[in-house]
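Protein chains in written order, with full-length UniProt numbering: chain S, 1 to 488; chain P, 1 to 492.
Keep in mind the hints are simulated off the structure, nothing from the lab. Some hints could be false.
To be verified - Calculated pairs, SDA-like style, for lysine to any residue (alpha carbon to alpha carbon, straight line, at most 25 Å):
hint, chain 1, residue 1, chain 2, residue 2
1, S, 237, P, 289
2, S, 384, P, 280
3, S, 237, P, 68
4, S, 237, P, 341
5, S, 459, P, 341
6, P, 90, S, 357
7, S, 482, P, 370
8, P, 36, S, 376
9, S, 380, P, 286
10, S, 384, P, 91
11, S, 237, P, 298
12, S, 93, P, 299
13, P, 97, S, 345
14, S, 87, P, 52
15, P, 97, S, 356
16, S, 380, P, 295
17, P, 97, S, 243
18, P, 90, S, 376
19, S, 459, P, 100
20, P, 357, P, 342
21, P, 97, S, 459
22, S, 237, P, 299
23, S, 237, P, 52
24, P, 148, S, 345
25, S, 93, P, 102
26, S, 380, P, 91
27, S, 237, P, 370
28, P, 90, S, 379
29, S, 380, P, 42
30, P, 97, S, 87
31, S, 237, P, 342
32, S, 93, P, 99
33, P, 97, S, 367
34, P, 341, P, 370
35, S, 237, P, 286
36, P, 148, S, 101
37, S, 304, P, 255
From a predicted model like this one, the values you see are computed outputs, not experimental measurements.
Residue strings, one per chain:
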Amino acid sequence: MTDLTKMTLAGALDGMAKGEFSSVDLTEAHITACEAATGLNAFITPTFDLARAQAAASDMRRKSGDVGRLEGAPLGMKDLFCTEGVKTTAASKILGDFTPPYESTVSANMKADGMVMLGKLNLDQFAMGSANETSCFGPVINPWRNGEDLVPGGSSGGSASAVAADLCLGATATDTGGSIRQPASFTGTVGIKPTYGRCSRYGIVAFASSLDQAGPIAKTVEDAAILLQSMAGYDAKDSTSLNETVPDWRAACGQSVKGLRVGVPKEYTIDGMPKEIEDLWAEGIEWMRDAGAEIVDVSLPHTKYALPVYYVVAPAEASSNLARYDGMRYGLRVDGENLADTYERTRTEGFGDEVRRRIMIGTYVLSAGYYDAYYLRAQKVRTKIADDFRNAWETCDVLLTPTAPSAAFAVGRKINDPVQMYLNDVFTVTANLAGLPGISVPAALDGSGLPLGLQIIGKALDESTVFTAAGALEKAAGFTAKPSKWWS
Amino acid sequence: MFIAPRVADKKDWLSGETGDWELIIGLEVHAQIASKSKLFSGASTEFGAAPNTQVALVDAGLPGMLPVVNEFCVEQAVRTGLGLNAQINKFSRFDRKNYFYVDLPQGYQISQFEFPVVGEGEIEITPEDGEPVIVGIERLHLEQDAGKSVHDLSPDETYVDLNRSGVALMEIVSKPDMRSAAEASAYVDALRQIVRALGTCDGDMEKGNLRADVNVSVRRPGGELGTRCEIKNVNSLRFIRQAIHYEARRHIEILEAGGEIDQETRLFDNVKGETRTMRSKEDAHDYRYFPDPDLLPLELTDEFIAKIKADLPELPEARKARFVEQYGVPAYDAGVLTADKATGDYFEALAAGRDAKIASNWMMGELFGALNNAELGLADSPISAEALGGLIDRISDKTISGKIAKDVFGKMLAGEGTADTIIERDGLKQVTDMGAIEGFVDEVIAANPDQVEKAKQNPKLLGFFVGQVMKKSQGKANPKAVNDLLRSKLGL
């Protein structure tokens, strides 16, 4: 029998449809792979028994002709999505053994489509981080190596690592400043953050509400389209959810880019960025040109302010969103001498350094006397950044940029240098600030054999064109490399 | 920010050792919206449920839970705004007010800070002892209530009831336009009547669904504004007056002793009738308001506002004026009769086709007196407007006298039936047969020769004879006929 974990999601759905193997076969193969890969630390809470039961139920459904979009596919769930009856931690200590009595809309959609959930995937604590090192369950290790343990990127490091190591056919993730796309780039996987409002935020542990958006990490562009199709959709329980129909994105993946206007924003480069990334970007431009696209030079003049704006807005919202973790109703509680002391001890012990740092930054920028200079100004610049994109769309349909300014780096390298760490998001935060869809597609290996991704950013609600461009990029890049299976 | 051009009536000036002082009062009234579900969740708002039984996931601040605005509550805020003759803002926004407390599960209250749904307006109030005054409304905004901390169940633990968490409130902020405790209490009473007439709030201060934060300062009459103190959560009209009196005296004493008023938030102790410091300005929270990213701004259409406007009921002030005009009742009575919608409706049903003066006298005298004694509200009255009207009709058509009617009323109150049933059963029909009455009159005159002589000197003794005749007729004789007959027979 072929190794079922090497399949794509599309291939596996097809194989099950043809009766070549069952969901139980597929699920067992992935459970075996997961059990052999504990060294990657991709899972916080495996749910193998649940997965087996779901797979068996799925096979039964299939027999009765009831086949959902994700029928029988074993997938991973970032542990930021609340899952009914399954512990949800956000990789934090403060949530303790919190087990939600409710299901996030995204995971509920996927369940309804027949998903098999292998477990809850590791992440940066409260999705705050770019290397998956802030998890209180330990760092996730990238399956790709160059002699030492590397980070998988973050915050969706568990999702990226699990998909890259063939532990699941695809995984959910969330992206507030690049948390889907940067780990996808670091692990040779595909990751898309859709338009803000495409996926409901209901039941996703909030980091920064105006930026948070769910999306998948997958093995191929087509797989990403299949997964997003299931995750997305209007939800009345999220006031910021968009009441728009979800088009057939899978069909968009194979379309031609002939005549598509691909913008190349000159601002998407930083000092010290490896030449290999510059070169890969140039190569990507040629690929798109060769595929029939028209290349257009564009300027997004406020790009340089995006990262500072992000690191004002996101912590501001986070400082408020995380106020509910006070030890009073659920999760960790460290009793103190009085109420204020209990709050202080609970939150000091329950939150990691990075989360505390962001809460403090956020509290500061919202404080009386600083609000105008930081939060309000950041919101004004955010509008300018969105305007930049609007102007760009007058001359192009999508943008092509590098996803991240580096390849995966060693565990521990940047954890004590927040500014260096924050720079990881420099090319991805713009799409969050403007609410636009962005996808990272693996394009090549660098000199040390590590994957690098390129990013396509599209117009709001135009994921179809993003998938089309990404499909063309994927085809041209012909990226088929897999990490050597050193972990088992 | 505020100016206070109106100077109080001299009668409202407070005299101190060094001269007169004038009170400046502004109020922030929190009115709970009469809505079945909360501002951002579907949980019930029913009063008096067991603790923590009416709590949606979002009300308890569970991870990933999101607020969704209850459109009905928005409608009530707009209704109230229109009732306050106020500007309705087509664009408004929800903000987060951040602070930590055990009864605030999210760690922030969703409120409207920069852009309230209702802007400036004004209402006319009539204080008990004075002339009508116009009080400006600064704004009305929507916000969610916090839960309730219960400190008295255990000596060393605090319990939290989240039933109230997320309940919709309208915070109605007045301009500092009140100059006496009477005006402040008349203002709150007027607001209460307006929201009750509109049906947007039950206005029940005892249940806490209408409560006031009172801002008090003093100044020399017409002079510069003083430093204000805010007295939190005062929950009856009487306490509002007491708190203001106490606070004004406290300010005057401090100022006259050469001291300064600290701007602070104070609590009213309704047992001692005093206010005391809750927190000083230095301890004031920095609420770090910012727009709630979980909610879209509220954008109202002209049609939405117009539809609410078209449905507005007659408001108490307008109804009062109409009662004076249409029924000819005195302004004071009209005020009492329009105090709430049910009272006004009762009166209008009673007065329809009857003498309005008699109707209002019966209602405000006998009925309110009886209900008061029985500690009943009008809604629980054992006598409906129709039944009371039936009784009044028997007086008007002279079937019974006013005096007998009072007895019949007592029996109606006891649930013995309609006026007609009781009159019939007890044989209370007035005797108008002149022959029968003459018989009684003659008997009485014959039995009291001395009194007859005296009465001729002193006509006031007529009353004695009337009483005797009525007694003989068991109260059923027509009093006018008795009077006329006695006068002629006694030669008065």
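We went through each hint and held it up to the structure:
no.	hint	in the structure
1	S:237 <-> P:289	holds (24 Å)
2	S:384 <-> P:280	violated (41 Å)
3	S:237 <-> P:68	holds (6 Å)
4	S:237 <-> P:341	violated (37 Å)
5	S:459 <-> P:341	violated (56 Å)
6	P:90 <-> S:357	violated (39 Å)
7	S:482 <-> P:370	violated (91 Å)
8	P:36 <-> S:376	violated (37 Å)
9	S:380 <-> P:286	holds (23 Å)
10	S:384 <-> P:91	holds (22 Å)
11	S:237 <-> P:298	holds (16 Å)
12	S:93 <-> P:299	violated (40 Å)
13	P:97 <-> S:345	holds (23 Å)
14	S:87 <-> P:52	holds (23 Å)
15	P:97 <-> S:356	holds (20 Å)
16	S:380 <-> P:295	holds (19 Å)
17	P:97 <-> S:243	violated (29 Å)
18	P:90 <-> S:376	holds (23 Å)
19	S:459 <-> P:100	violated (40 Å)
20	P:357 <-> P:342	holds (19 Å)
21	P:97 <-> S:459	violated (34 Å)
22	S:237 <-> P:299	holds (19 Å)
23	S:237 <-> P:52	holds (22 Å)
24	P:148 <-> S:345	holds (24 Å)
25	S:93 <-> P:102	holds (20 Å)
26	S:380 <-> P:91	holds (19 Å)
27	S:237 <-> P:370	violated (52 Å)
28	P:90 <-> S:379	holds (22 Å)
29	S:380 <-> P:42	violated (35 Å)
30	P:97 <-> S:87	violated (30 Å)
31	S:237 <-> P:342	violated (39 Å)
32	S:93 <-> P:99	holds (22 Å)
33	P:97 <-> S:367	holds (12 Å)
34	P:341 <-> P:370	holds (20 Å)
35	S:237 <-> P:286	violated (30 Å)
36	P:148 <-> S:101	holds (24 Å)
37	S:304 <-> P:255	violated (57 Å)
The structure fails to meet hints 2, 4, 5, 6, 7, 8, 12, 17, 19, 21, 27, 29, 30, 31, 35, 37 from the earlier list, while all remaining hints are met.
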